[in-house]
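Novice: Single-letter residue listing:
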Amino acid sequence: MPSAPPVVITGMGWVTPLGSDVDSVWAKLLSGASGIAPVTRFDATTFATNFASEVKNFDLRHFLGDVAPHAMASIGTQYALAAAAQAWKQAGLARAKLNGRRFGIYLGSGEGPLDYTNFNAANIAGWKADTRTVDGAAWAARALPAMTVEAETEQEPNLTMSHVAAEFGCRGPAFNCMTACAASTQAIGEAFEIIRRGDADIMFAGGSHSMIHMLGMTGFIRLTAMSQRRDDYAHAARPFDQTREGFVMGEGAGMLVIETLDHAMARGATILAEIAGYGSSADAFRITDIQPEGKGAIAAMNQALRQAGISPRETGADGRPQVHYISAHGTGTKENDKIETAAVKGVFGSLAPKVPFSSVKSMLGHLIQAAGAVELMTCVKAIQSGFVPPTMNLKTPDPECDLDYVPNAARDLRTQGGVDVCLSNSFGFGGQNDTIVVRRWKP
Amino acid sequence: MSRRVVITGVGAVSALGVGAKALWDGLCAGTCGIAAPTLFDASGFPTKLAGEVKAPDAPPASFSAKDYVPKSYRKAVKVMARDTDLAVAAAKLAIEDAGLITRGSLDGAAGQTTYPGERVGCQIGAGLINAETDELSAALATATNESGQFEYWRWGTIATEKHPAGVGGMNNLQPLWMLKYLPNMLACHVTIIHGCEGPSNTITCAEASVLLSVGEGMRVIQRDAADVCFSGGAESKTNLMGTLRWTLLKHLTPCEANADPASLVKPYDPASKGTILGEGGGMFVIEEASKAAARGAKPYCELAGFGASHSPPPGYEAIRTRSRLSSDEKPHDGIVYAIEAALGDAKVNPSEIDAIVPYASGIAHVDANEAAALRQVFGSRLKDIPLITVVPNTGAAVAGVGGLQLAAGAMAVREQRLPARIHAGSCPSDMQADPVSARAASLRCVLVVTSALGGQNAALVLKKV
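Protein chains in written order, with the numbering used here: chain A, 1 to 443; chain B, 1 to 465.
No lab work stands behind these hints: they were computed from the structure.
Any given hint could be a false lead.
Stated by the list, open to error - Here are the simulated SDA-like pairs of lysine to any residue, each with C-alpha atoms no more than 20 angstroms apart in a straight line: (1) B:Lys330 <-> A:Leu98; (2) B:Lys250 <-> A:Met72; (3) B:Lys75 <-> A:Leu223; (4) B:Lys330 <-> A:Gly169.
Stated by the list, open to error - Quick list of the computed label-pair ranges, beta carbon to beta carbon: (5) B:Lys21 <-> A:Asp402: 50 to 60 angstroms; (6) A:Asp130 <-> B:Ser429: 49 to 59 angstroms; (7) B:Arg3 <-> A:Arg414: 41 to 51 angstroms; (8) B:Glu329 <-> A:Ala71: 15 to 25 angstroms; (9) A:Ala137 <-> B:Ser429: 40 to 50 angstroms; (10) B:Ser429 <-> A:Ala141: 54 to 64 angstroms; (11) B:Ala294 <-> A:Ser31: 56 to 66 angstroms; (12) A:Arg313 <-> B:Ala55: 49 to 59 angstroms.
As the list claims (entries may be wrong) - One-sided excerpt, in silico: chain A residues whose CB lies under 10 angstroms from chain B: (13) Asp43; (14) Thr46; (15) Asn120; (16) Gly126; (17) Trp127; (18) Thr153; (19) Ala183; (20) Arg313; (21) Ala317.
All residues carry an ideal CB built from backbone N, CA and C; glycine is no exception.
Make a model of the complete structure from these sequences and hints.
Specialist: Have a look at this one:
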């Protein structure tokens, strides 16, 4: 088999709780800003977690000329379209003559929120307290006249991709995966493999999600996975801190344009970075808990590093570890941060404390399925700028989290040789582990 | 030299029964599994029949995932949605069929698994799982005001200035409630039960989900990231929310509870008023060919080609109007692209395809699009190619439908036999969709193809080994 072609990133776009422009949000991340505030989407005042990291002042018309075809799209789909429009623009695709059949799309986008007004009312109308059953006829009588085909269909998790593909003309391989919090990292990794294999020349890859709605918040509150620091929400996202007590819900989208090196060169595109390796594994342990030694996370990181040709326990020619920055999954839950730390040690051995390893979830919150794509983009920005973003709110060290989390202030690595290689982790409920290694493109 | 991939185990669950044999026997006999649903009350909908999974002569409620998980895992069944029940059962049946020993089949007993966990992948196609209305309705009903309307503050638990005491309606949901409904839970339970530590994915592309998942599993094995994958998928939309959505889409043919089930789903009939919802799906053991041969497995067929594409679909008005098809594109082009990619990957010409397993949904505009694509690829030879149709027998199992199509295709290649077709309407003269009995056939290459409401298309080419 001929060796696989290099795959490069040529466009990036995101929609985040700190804004929707790549460079200004990056500056905010380096300054330690927080996107967290009380929930405005619905009345969450009595919810144990009544705050979240919401996208503010979003208007799709700032990103697309004609938004009419997307008028009924779910909020997550609108974020994906805005992120895709930015990536498309940066990649210079408006000028490119693309062969649609060689232009694929792989998203890790989540479902759209329910039509709660009518959904809740139908469920209540159907409930028969005496028999503790649902009367289907009463349920349907309330639901059928009130619910609409648009609102229901737009919740389907493949519809985000349908909108993006229709808007930008993707006719090649098309997938949407839902592997919980690992989804958009997995999407980018699988898109990378599709291109390496030769099934497409260029792809949109990324994801979008919003779970800032009634049952999304409810589900995580019932799991006790979210911080309940109601009186100090601005500091509620505290990955790796001993007082951490859960993640903060965020929302948004991240989208990349990735393509073969040849395809990018032929159309004169600017190369932002190279995707060097991808690893995917399952814990196969428990649906609620992470394998305690981080076995699955270690497997994913090792696969990605092996594919990138990097030996994590050996230093490079400059005496530094060969990975210059790790973007942590770093949710701020007790379990994740402890086990991810152990896994990084398991991979990098004695070099682990020398690799800056931070979590932007301390500022953005957890963008759920969109998190991995946005975090991979921060790795590309780290490569471009030579700075790595901080883990904010890390005030009380945890003896079990004893690596270099870049606490509370961004770090300028330019005098130490800059940032050439980054690794980004994403782990999902049920034991889904995905890792991507990105590298500065050097011709 | 590219690694070749074969199917060595098939597990299917459908309205024709539990197990690939039940599906195959039912298809060959021309049985229809559609009936009045027993797991939900369809009386409020215009369509009063559905294809619920059941063993022959047993009620659907008697199907339980408990019978398909190791004893040590039975407690976990209470956090499984029905979609997961179906996938877990199908996976166990496929693994048994392939003769594999997994962590699940050992269930704590001493012994060696056929493959080390890190060489076992799992890719499962799933739908948007509908929350069970019983648990949710009971909880929501506690958070209503005097007029019976839901109020958000009553759902939470924290007393506030405005509301002296939230009543905590949400606490009526079990703590793990959400984990029941995450689409990746089908794959997670399968990986946990059977110890699959390799690449794992969950594809949510509606009707294309299973073929995309199996195609991705094939790629995972080809790129040497695993030697075996448990791939496939399942969905259950035979519930209130699923029926509501497909009613709103006008995908369902109106019918009374006493209608003749076998007369309802009429693939490619332009006058068809819709289909019937089914549930179920298929799971497959796909294996690297030399490893399968070395352990003496008898493959059903080779997975020789895979293709995927997107095209703005004809199925949903809001998307059709935004389709932005260029002037030289047709709505069915995407299906053609997927088929051509799969044929090219398999290095097979259209003239070598001996049978096709299409979606054949009975939804008139979806069928018309599929038929146009098949005509474009196969031309005048289409009338000579037998079609294997499944939906008239099982109902449309949404994300699981590809699993039933692929199971039927794999069985046909192994048995060198074509199953019967049932059809009570009128068929186009250039397509073999009309009623016929099961019969022997020489099947070297079979095409399986489906397309999803959102415009996702997938195709697989199966080759006789």
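Novice: With reference to the structure, classify each hint as holding or not holding.
Specialist: These are the hints, each one checked on the structure:
Of the supplied pair hints, the one linking B:Lys330 and A:Leu98 holds, its CA atoms being roughly 18 angstroms apart against a limit of 20 angstroms. For a cut-off of 20 angstroms, the pair hint linking B:Lys250 to A:Met72 stands: about 18 angstroms separates their Cα positions. Note on B:Lys75 and A:Leu223: the hinted pairing holds, with a Cα-Cα distance of about 18 angstroms set against a maximum of 20 angstroms. Of the supplied pair hints, the one linking B:Lys330 and A:Gly169 holds, its CA atoms being roughly 13 angstroms apart against a limit of 20 angstroms.
At roughly 57 angstroms, the beta-carbon separation of B:Lys21 and A:Asp402 lies within the given 50 to 60 angstroms, and the hint holds. Between A:Asp130 and B:Ser429 the CB atoms are about 57 angstroms apart, so this pair conforms to the stated range of 49 to 59 angstroms. Range check, B:Arg3 to A:Arg414: Cβ separation about 44 angstroms, and the 41 to 51 angstroms hint holds. About 23 angstroms separates the C-beta atoms of B:Glu329 and A:Ala71, a value consistent with the hinted range of 15 to 25 angstroms.
A hinted range of 40 to 50 angstroms for the beta carbons of A:Ala137 and B:Ser429 is consistent with their spacing of about 43 angstroms. Judged by the Cβ atoms, the range 54 to 64 angstroms given for B:Ser429 and A:Ala141 is violated: they are separated by roughly 43 angstroms. For the hinted restraint 56 to 66 angstroms between B:Ala294 and A:Ser31, the CB-CB distance of approximately 59 angstroms keeps it satisfied. Between A:Arg313 and B:Ala55 the CB atoms are about 54 angstroms apart, so this pair conforms to the stated range of 49 to 59 angstroms.
Here the hint on A:Asp43 is kept, as its CB sits about 4 angstroms from the closest CB of chain B, short of 10 angstroms. At a threshold of 10 angstroms, the smallest CB-CB gap from A:Thr46 to chain B is about 3 angstroms, leaving the interface hint in force. Proximity of A:Asn120 to chain B holds as hinted, the smallest CB-CB distance being about 4 angstroms (cut-off 10 angstroms). Hint on A:Gly126 holds. Least Cβ distance to chain B is approximately 6 angstroms, under the 10 angstroms limit.
Against a cut-off of 10 angstroms between C-beta atoms, the interface hint on A:Trp127 holds, since the closest Cβ of chain B lies about 4 angstroms away. This hint holds: A:Thr153 has a C-beta 6 angstroms from the nearest C-beta of chain B, less than the 10 angstroms allowed. Given hint, A:Ala183 at the interface with chain B, holds; its Cβ is 8 angstroms from that chain's nearest Cβ, closer than 10 angstroms. Checking A:Arg313 against chain B: minimum C-beta separation of about 20 angstroms lies over 10 angstroms; hint violated.
Look at A:Ala317: its Cβ only gets to about 30 angstroms from chain B, farther than 10 angstroms, so that hint breaks.
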